[in-house]
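**Student:** Please build the complete structure, drawing on both the sequences and the hints.
Keeping their order, the protein sequence lines are chains A and B. Mapped onto the numbering used here, the consecutive letters of the first sequence carry residue numbers 1 to 318. Mapped onto the numbering used here, the consecutive letters of the second sequence carry residue numbers 1 to 503.
No wet-lab data here; the hints were simulated from the structure. Note that the Cβ used here is the ideal one computed from N, Cα and C, for glycine as well. The reader is advised that the hints may include incorrect statements.
Have a look at the derived ranges for each label pair, beta carbon to beta carbon [what the hints assert, rightly or not]:
#1 A/L286 with B/D337: 50 to 56 Å
#2 A/L175 with B/K359: 22 to 28 Å
#3 A/L175 with B/V378: 33 to 39 Å
#4 A/Y311 with B/E360: 38 to 44 Å
#5 A/R185 with B/L249: 38 to 44 Å
#6 B/K359 with A/S132: 35 to 41 Å
#7 A/G164 with B/T381: 54 to 60 Å
#8 B/I255 with A/Y311: 51 to 57 Å
#9 B/K202 with A/E122: 28 to 34 Å
Heads up, simulated EDC-like pairs for lysine to aspartate or glutamate below, C-alpha to C-alpha not over 20 Å straight-line [said to hold, decoys possible]:
#10 B/K161 with B/E104
#11 A/K187 with B/E360
#12 A/K211 with B/E372
#13 B/K437 with B/E455
#14 B/K130 with B/D185
#15 A/K187 with B/E372
#16 A/K15 with B/E393
#17 A/K211 with B/D325
The following residues of chain B were derived to be distant from chain A, with all beta-carbon distances above 10 Å [as the list claims (entries may be wrong)]:
#18 G80
#19 D114
#20 R158
#21 E178
#22 E232
#23 K254
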Amino acid sequence: MTKEKKIPNILRSEKSGLIIALILMIIIFSVLTDGKYLLKVNIINILVASAIVGLVTIGESFLLICAQVDLSPGAVAAFSGVLVSILLGAGINMWFAMLIVIAVGAMIGFANASLVNYLKLEPFIATLATMSILRGLAYIICGGKAVFISNHAFLKVGVGRLFGIPYPVIIFVVLFIVFIIILARTKFGRRIYMVGGNANASRLAGINAHKVKTQLFMLTSALAALGGIILASRMSSGQPTASDGLEFDAVTAAVLGGIAMMGGKGSLGGALIGLMILQGFNNGLLMLNVQSFWQTVARGLLLVAALTFDYIRNRKNK
Amino acid sequence: MGGTLEFKNITKEFPGVKALDNISFKVNAGEVVAMVGENGAGKSTLLKVLNGDYIPTSGQYLIDGKECNFQTPQEAIKAGVGIIYQERQIVPYLSVAENVFMEEMPINSAGLIDYKKANKQTQDILDEFKLPFKPTDRVKNLSVAYQQMVEIMKSYRRNPKIIAFDEPTASLSDTEIETLFEIIDRMKKGGMIILYVSHRMKEIFQITDRMIIMKDGTYVDTLNTAETTEAEIIKKMVGRDLGDVFNNLERNHKIGAPVLRIENLTNDYVHDVSFEVRAGEIVGLAGLVGAGRTETMRSVYGADPILRGTIIFDGEEIRPVTPADAIKKGMALCPEDRKYEGIIGNGSIKKNISVSILKELCKFGFIDRKKEIKIGQVGITEFNVKTTTMDKEIKDLSGGNQQKVLLARSVATKPKLLILDEPTKGIDVGAKTEIYKMTCDMAKKGIGVVLISSELTEVLGLCDRIIVMCQGHITGELSREEATDEKILTLAMKDMLGGQGND
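**Tutor:** Shown next as C-alpha cells:
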C-alpha cells in the first residue's frame with residue numbers, strides 16, 4: 001500500500017498506458033510529417049474517419065462490457081445505406097426515411113437479442129448468422145448495384161459543417177459524450193457492468209439480464225444503421241459492399257481501450273482513446289505514404305502490443 | 001514394503017484465508033488412515049496438495065523419505081499418488097477398459113490401440129475386485145456405484161504407492177460399501193498407503209487403523225481407531241469453541257406472524273413441499289447434498305420454475321417468475337455458490353451492495369452517488385466487512401468478507417424473508433461466528449430466516465425449528481428442543497434406508 005502511494009495517480013489509472021501511447025503516437029507522427037499531422041485539416045480528417053466506426057464502437061463497447069459481442073454492424077450499416085437510398089429514391093421525406101432505417105436497425109438488434117436470449121445461441125454465432133443474412137439482403141434489395149442518391153438535403157448530412165466541423169464528427173462526438181455519461185452514471189450503465197461481471201449473480205440480485213442484453217443489441221444495431229446512413233450520404237449512394245469489417249475495427253478500438261472480452265470491465269472513455277489511437281495510426285501511416293496493406297498489418301501489431309502491455313501490467317498488480 | 005508418506009509443517013494460504021496451518025503427520029505402508037474433520041477442516045485441501053493441484057505456501061511432503069514438490073496432477077500420478085474424488089472423473093461414453101487405461105492405452109506393434117490387451121488386463125482387475133461387469137461395457141450404462149469402482153480401478157491400474165479416497169461411499173449402498181472395503185483391504189495387504197476421508201463414523205471404525213483429526217486447517221491429534229470412541233472423536237473435531245459460540249448468541253425470542261407459507265410446492269427436483277416461516281424465526285433446512293433444499297428455495301425466490309403448489313408471502317398468494325419479482329415482494333437470497341451466483345467479481349464492494357436497490361438510488365435514471373456511498377458505508381459497518389475502501393473489487397476479499405458483503409446486499413432491500421444457502425461454506429471460524437451473530441440480529445429485527453446448511457452444529461445451534469429433507473421431500477420437522485444430530489441424520493437418510501434407492 002505504501003509503495004503504491006509514490007506513483008502518481010495518473011500512472012496507476014487504467015488509462016495511463018493508453019494516454020501515454022496516444023501522446024507518443026502524436027509526437028512521433030508530428031515529427032515524421034514535419035508537423036502536418038497536427039494541422040486542423042488533418043485532425044478533422046482523423047475525426048471524420050473515426051465517426052462511423054466510432055458510433056459502432058459505442059455499441060460494441062457496451063456489448064463487450066456486458067460479455068456479449070455483435071458481428072453484424074458492418075452488414076447492418078451496408079443494408080441501412082442501401083435501404084435509405086432506396087427510400088429516398090422513392091421520394092420519401094429525408095427525416096422520415098432516416099427514422100425508418102434506424103428503427104429497422106433497432107429491430108435487427110432485437111432479433112439478435114432474441115436469438116441470444118431465447119434460443120440461447122452464443123452471441124458470436126447468432127450475430128454471425130444475422131451478419132450473413134443482412135449482407136445478402138443488402139445485395140438483394142438493390143439488385144447488387146449501388147443506389148445513387150440525388151436528395152441534396154440528405155447529402156448534407158455527411159459533408160455539411162457547423163462552425164467548420166463536419167456533421168458526422170459532431171454527431172459522433174456528442175453521442176460519445178452522452179453514452180460515456182450514461183455508462184458511468186446511470187442505472188442502465190451500471191446494469192451493463194453487473195450483468196457482464198456475473199450474469200447469474202445479477203439475475204439473483206434482481207436484474208433482468210435479458211432486458212439489458214436486448215437493449216444493448218438494439219442500441220448497437222441502431223447506431224450501426226445511423227453509421228450506414230451517414231456513410232451513404234458521404235458516398236452519395238447506398239453500396240451493398242460498404243463497411244466490410246466495420247465491427248472488427250470497433251472491437252479493436254474497444255479492446256485497445258482496455259475493455260475486456262470477458263465482460264464487466266472497462267470504460268467508454270478508454271474505448272474513445274483506443275479509437276483515436278487506431279484511427280490516428282491509420283492516418284499517420286497514410287500521410288507517410290505507407291502502402292495500405294501495411295496499415296492492416298500495423299493494426300494487428302498494435303492490438304498485440306496493447307494486450308501485451310495490459311498483461312504485463314495486470315501481472316505486476318498481482 | 002516400508003513405504004511412507006510424511007507431511008512436514010504444510011501451510012497453504014489463499015488470499016485472506018489459511019486453509020492449512022502447519023500440518024504434520026506420517027503414514028506407513030500397509031495401514032489405512034482416516035482424515036477426519038468438519039467441512040472446511042482442510043482435508044480436501046491437503047489431498048489437493050498431495051495431488052499437485054495446490055502448491056503449499058510452506059512446508060514439505062515426502063514419499064518414501066524423498067521430498068516431493070508436485071506442480072501438476074500428472075507429476076503426482078507418476079510418483080505414485082492416486083486420488084479418488086467424490087466427483088467422478090470418468091468419460092461416460094467410453095468403455096470400462098478405455099476409462100481404466102485412460103491416458104496410456106496399450107499399443108500394438110503398428111502403433112494402434114491394442115483393445116484386446118486393454119480388455120484382458122481390465123478383466124484381470126475386474127476378477128481381482130470380483131466385479132460383475134465387462135471391460136467393454138459403456139461406463140454411462142453402469143450404476144453410480146460401479147462407476148465409482150471404475151474410478152478406483154483406474155487408480156489401481158497405475159499401481160500407486162498411495163491411494164486416497166475422498167468420501168468414497170457417499171453414493172454407495174451397504175453391499176457396495178462391503179465390496180469397496182474388500183478392495184481396500186486387498187490394497188492394504190498389498191502394501192499400499194491408504195488415506196480415507198469420510199464423515200461416516202461407522203465406516204471409519206470398520207476400516208481404518210488410525211485417524212488424523214483436523215480442524216480449521218490445523219492438525220489436532222492422531223487417534224488409534226481401536227482405542228477411541230465416537231464421542232472422543234467428535235469432541236476433538238468440533239473443539240469447544242463452537243459450542244460456546246452458540247451458547248453466547250443472543251437469540252431472538254419474539255416470533256411473529258407467518259411470513260412465508262408454501263403448500264405442496266413441486267418442481268423438477270422436489271415434490272409436495274409444505275412449510276411455514278414466521279417473522280423473527282430461523283428455520284433450518286437440513287438434509288444431505290442433493291436433498292432438494294436449495295431447489296425448493298430457488299423456486300420460492302423465482303429463480304427456477306414451479307410446476308405446482310402455492311406460495312403465500314406476507315398474507316398474499318404470489319408466484320414470482322424472476323428473482324426481481326421476489327425481491328420486490330420482500331425476499332432476499334444469499335446463494336450457495338458465492339463465486340458463480342453471488343459476487344460480481346470485478347465490481348467494487350459498493351456496487352455489489354447496491355446492485356439490488358439501484359432503482360431506489362436513482363433519480364431520472366441517474367444513480368445518486370452520495371446515497372450509494374451511504375448505503376455502502378452502512379453495509380460495511382453493520383456487517384463488519386474488513387476493507388480499507390468500499391471501492392475495492394470484491395473478488396480481492398476473503399470468502400468471509402465476501403459473504404458479509406452479500407448479506408449487506410440482501411439486507412439493503414429491507415427483506416421480510418432472508419434465505420441463506422450455506423452461508424458459512426468455506427469460511428474461517430472467526431467470520432463464521434460473526435455470521436451466526438448477524439443471522440440472530442436479523443431475526444431480532446423481525447426478518448424470517450431460512451437457513452440451508454449441511455453443517456449440523458450450525459443448524460442445531462442457530463435454528464428455532466428444523467425441517468429435514470430427503471430426496472426431494474420433507475421427511476420430518478424438529479423443534480429446537482427435540483433436535484439432535486442423530487435425529488436429523490436419521491430423517492435425512494430416511495428414504496434411502498427405506499429402500500427406495502436413488503435413481
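**Student:** Hint numbers the structure violates, sorted upward?
**Tutor:** 9, 12
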